[in-house]
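Chains as they are written, first to last, in the UniProt record's numbering: chain W, 1 to 310; chain R, 1 to 506.
Since the hints were derived computationally from the structure, they do not count as laboratory data. Think of the CB as a built atom: it goes at the ideal place given N, C-alpha and C, for glycine as much as any other residue. Just so you know, not all the hints are guaranteed correct.
[Said to hold, decoys possible] In silico DMTMM-like links for lysine to aspartate or glutamate, alpha-carbon gap of 20 Å or less: (1) R:Lys207 <-> W:Glu245; (2) W:Lys45 <-> R:Glu112; (3) W:Lys45 <-> R:Glu113; (4) W:Lys127 <-> W:Glu140; (5) R:Lys333 <-> R:Glu489; (6) W:Lys71 <-> R:Glu113; (7) R:Lys500 <-> R:Glu113; (8) R:Lys125 <-> W:Glu94; (9) R:Lys208 <-> W:Glu94; (10) W:Lys71 <-> R:Glu112; (11) R:Lys347 <-> R:Asp375; (12) R:Lys125 <-> W:Glu140; (13) R:Lys125 <-> W:Glu101; (14) R:Lys207 <-> W:Glu94; (15) R:Lys283 <-> R:Glu299; (16) W:Lys307 <-> W:Glu245; (17) R:Lys435 <-> R:Glu365; (18) W:Lys155 <-> W:Asp222; (19) R:Lys333 <-> R:Asp437; (20) R:Lys490 <-> R:Asp476; (21) R:Lys471 <-> R:Glu452; (22) W:Lys45 <-> R:Glu460; (23) R:Lys435 <-> R:Asp476.
[Said to hold, decoys possible] Have a look at the derived ranges for each label pair, beta carbon to beta carbon: (24) W:His213 <-> R:His47: 34 to 42 Å; (25) W:Leu103 <-> R:Ile193: 55 to 63 Å; (26) R:Leu204 <-> W:Lys71: 54 to 62 Å; (27) R:Phe223 <-> W:Arg64: 30 to 38 Å; (28) R:Phe127 <-> W:Ser272: 43 to 51 Å; (29) R:Gly221 <-> W:Lys71: 36 to 44 Å; (30) R:Ala214 <-> W:Arg64: 43 to 51 Å; (31) W:Arg64 <-> R:Met124: 45 to 53 Å.
Residues per chain, in single letters:
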Amino acid sequence: MIEFKNVSKRYTTNQAINDLNLTIPTGDFFVLVGPSGSGKTTTLKMLNRLIEPTDGNIYFNDKRIIDYDLKQLRLQMGYVLQNIALFPNLTIQENIAIQAESLGWPRKERIERARALLKQVDLDPDKYATRMPSELSGGEQQRVGIIRALAIKPKVVLMDEPFSALDPISRKQLQDLVLRLHKELSMTFVFVTHDMHEALRLGQHIAVMRLGHIQQVGTSQDIMEHPANDFVRGFFETEQAVQPETIQRLLDHGYGTATAAAPSLSTTSTVSELAAALKTTSAAVVATESGSRELSTADLLDYLAMKEVD
Amino acid sequence: MQDILHILKTQGGDIVHSIGQHIGLSLISLLIAALIAIPLAILLMNHKRSANIMLQITSILQTIPSLALLGILIPIVGIGTVPSIIALVIYAVMPIFQNTYAGLTTIDPNLEEAATAFGLSRRMKLFRIELPLALPMIISGIRIAMVLIIGTATLAALIGAGGLGTYILLGIETNNNALLIIGAVLSALLALIFGAAIDWLGRLSFKKVGIILATLVVLIGGFAGYRKIASPETTITVAGKMGSEPEILINMYKDLIEHDHPRMKVATKANFGGTSFLFKALKSGSIDIYPEFTGTVLESLVKGQKSASHDPTKTYQVAKSALKSQYRMAYLKPMAYQNGYDLAVTKSFAAKYHLKTISDLTAVEGKIHAGFDPDFYQLKDGYPGLSKTYNLKFASAKTMEPSIRYKAIVNGKVNLVDGYTTDPEIQEYHLVTLKDDKRFFPPYQGAPLMTEKLLTAHPELRPTLNKLAGKVTTTDMQKMNYRVTVKHEKAATVARDYLKSHGLLD
């Protein structure tokens, strides 16, 4: 169990965390969510003492974390970074086993552990173990980033916006992955995100933060059905308002060419479904009221670029 | 080109030896610099202010001209290899420190955070993550330092540490382009080869680089240690300035001393450097004896004796007593030859107009087209004073570079040139020097210079070296210089031949 008791963090110019009280049950999937500047990352980094609080105490299993040996504390808390941060000079298996190496595990055991973990996240060890990080895609890299945090079986895994730099498809796959890992591993996961959707999808408990204060803590159902205040409601509503875009939007903008081929998508299919389809074929066919139309990867890219400009 | 081939053929062994010296000097300096700079950068990587101060200091050291740095070091650590290495290390520290520091401090902060959050020890973080990531920068710093060192190491020749600089300096001093090219091309080649070697090192893993560096340290250290133990105990070091003439003289000193006193060992250091370097080296005790000219003593070494007398004996006496009172140095008796300015004409020109002395020129002054060294043309002791003393007015007088001067008279572009009395070209081009019958040129006589302390400790040196007093005429010296510079014979052989043929050595 992790407890924050009256924790504050002041910087010379601003107050990052103000009198924070929070309990994270053992084995929970706990999500800290909030806009930027809400103090969620600061809260996370105070757990492995990358940041020290100015006031108050944090307890880990009823012992103040400042009373732990720093190295011992950190070895019990796996850490996944937003920028993945695989060491570019080390191979994938060396990256995974870096903490094991610092604990003096024999080389053979380190390699075995790294290979087992790779298998667990569906990366073929024979193919990936001895590659360099730069040879992997972003999604693959973050898989390695996650299992690196699990390598020495920590009690807690801290994840700091781990998927914010990934494309929507990889993000969804990795969300499924962490949910599965959490189920398999009986560890406490503490997860930071600014994406309410992600928070609702992952968290057993969610803490909504704003300007260094906790706004509400509860299950996703609590928060959706009984928002504590206007801020939580607003944050949640913007989340609801953002409907996934459909292919109709592309067609409205005049993309696509007429074709006689059999359609595989409908106008209500989402843009991410189109993107997924385009991964396997060069052009996806959509059924519309005025016949089938063909959308290519170039059409999708043009559309996204145009949206970016808006 | 032919000259270069000839030199390579006759002096190949010496050149290889110089390359060895150059490599040794450069590698030792580079290693020491790396051993200082890299740990220093590691120590300071988390202390920004101290690191900035250090960067400032190393940059300032870098701006000291290399010659000045060598000059500063001589009174402190003497001459030879040690000050050269110190100077080279001082130069090489900055690029290595700067690059290592930059490499270590520009690592992605996310990687630093990851390493910290994983609870890696300081040591593991450094050796497993930070140093390997900074390695390309460190290697490029070492590469820059290496090019700098190989280039600057050519100056080591100035203070007797040898190396390829010997050929460059000798080439400049004696106007021998072949030597200059050999020295310059070889040092450029060395820089290229070592640059490639360092690039190759940079592609190896961190561990392998460490092993190779450690091996190099052991090898070089062992070699230096072996040299130190194996080198015979030397009691007397005789050095000489740049060029063939001092080299011949110091070999004569060596032969005479070792012949008369079998228990003394003499080490010669030829082409040791310029006048002030040698004089400082003598003062600091790094060398024991070197041949110096009476005129030079008055002109540049002792204070308050600028107006040199034109009488050789008087010049010597004044120089001797000034050296004794001002520096407590002993100046033994001079040899016969004069190495001063003279005027030379071709044999045919001299025969045609019956020219023997400078006064004889008055009769033909309207036909004289002279080519003078720029210094000679301007100095009071040169052409201006000469024309006044002898009341001469030449039809024309041009200034030209010393080396072109002799070619100009051979090609008939001019018919009178100035020169040094012992220049080998006088023999090579069959020129005739005109007697300075009014004793206008200040006398430059060579004599052995040493500290009084040495002479008190070894009074037996005086009679030995005085065997040369009044010997070696100007013609003798010209001939010997000719054999060494033009015919590329060894100075030691030429010196011994002279001593034997004049009964000074059995």
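Hints, one by one, checked against the model:
{"no.": "1", "hint": "R:Lys207 <-> W:Glu245", "in the structure": "53 Å, violated"}
{"no.": "2", "hint": "W:Lys45 <-> R:Glu112", "in the structure": "14 Å, holds"}
{"no.": "3", "hint": "W:Lys45 <-> R:Glu113", "in the structure": "10 Å, holds"}
{"no.": "4", "hint": "W:Lys127 <-> W:Glu140", "in the structure": "12 Å, holds"}
{"no.": "5", "hint": "R:Lys333 <-> R:Glu489", "in the structure": "28 Å, violated"}
{"no.": "6", "hint": "W:Lys71 <-> R:Glu113", "in the structure": "14 Å, holds"}
{"no.": "7", "hint": "R:Lys500 <-> R:Glu113", "in the structure": "80 Å, violated"}
{"no.": "8", "hint": "R:Lys125 <-> W:Glu94", "in the structure": "14 Å, holds"}
{"no.": "9", "hint": "R:Lys208 <-> W:Glu94", "in the structure": "18 Å, holds"}
{"no.": "10", "hint": "W:Lys71 <-> R:Glu112", "in the structure": "15 Å, holds"}
{"no.": "11", "hint": "R:Lys347 <-> R:Asp375", "in the structure": "25 Å, violated"}
{"no.": "12", "hint": "R:Lys125 <-> W:Glu140", "in the structure": "24 Å, violated"}
{"no.": "13", "hint": "R:Lys125 <-> W:Glu101", "in the structure": "11 Å, holds"}
{"no.": "14", "hint": "R:Lys207 <-> W:Glu94", "in the structure": "15 Å, holds"}
{"no.": "15", "hint": "R:Lys283 <-> R:Glu299", "in the structure": "18 Å, holds"}
{"no.": "16", "hint": "W:Lys307 <-> W:Glu245", "in the structure": "12 Å, holds"}
{"no.": "17", "hint": "R:Lys435 <-> R:Glu365", "in the structure": "16 Å, holds"}
{"no.": "18", "hint": "W:Lys155 <-> W:Asp222", "in the structure": "27 Å, violated"}
{"no.": "19", "hint": "R:Lys333 <-> R:Asp437", "in the structure": "24 Å, violated"}
{"no.": "20", "hint": "R:Lys490 <-> R:Asp476", "in the structure": "16 Å, holds"}
{"no.": "21", "hint": "R:Lys471 <-> R:Glu452", "in the structure": "23 Å, violated"}
{"no.": "22", "hint": "W:Lys45 <-> R:Glu460", "in the structure": "83 Å, violated"}
{"no.": "23", "hint": "R:Lys435 <-> R:Asp476", "in the structure": "17 Å, holds"}
{"no.": "24", "hint": "W:His213 <-> R:His47: 34 to 42 Å", "in the structure": "37 Å, holds"}
{"no.": "25", "hint": "W:Leu103 <-> R:Ile193: 55 to 63 Å", "in the structure": "45 Å, violated"}
{"no.": "26", "hint": "R:Leu204 <-> W:Lys71: 54 to 62 Å", "in the structure": "31 Å, violated"}
{"no.": "27", "hint": "R:Phe223 <-> W:Arg64: 30 to 38 Å", "in the structure": "59 Å, violated"}
{"no.": "28", "hint": "R:Phe127 <-> W:Ser272: 43 to 51 Å", "in the structure": "44 Å, holds"}
{"no.": "29", "hint": "R:Gly221 <-> W:Lys71: 36 to 44 Å", "in the structure": "38 Å, holds"}
{"no.": "30", "hint": "R:Ala214 <-> W:Arg64: 43 to 51 Å", "in the structure": "46 Å, holds"}
{"no.": "31", "hint": "W:Arg64 <-> R:Met124: 45 to 53 Å", "in the structure": "27 Å, violated"}
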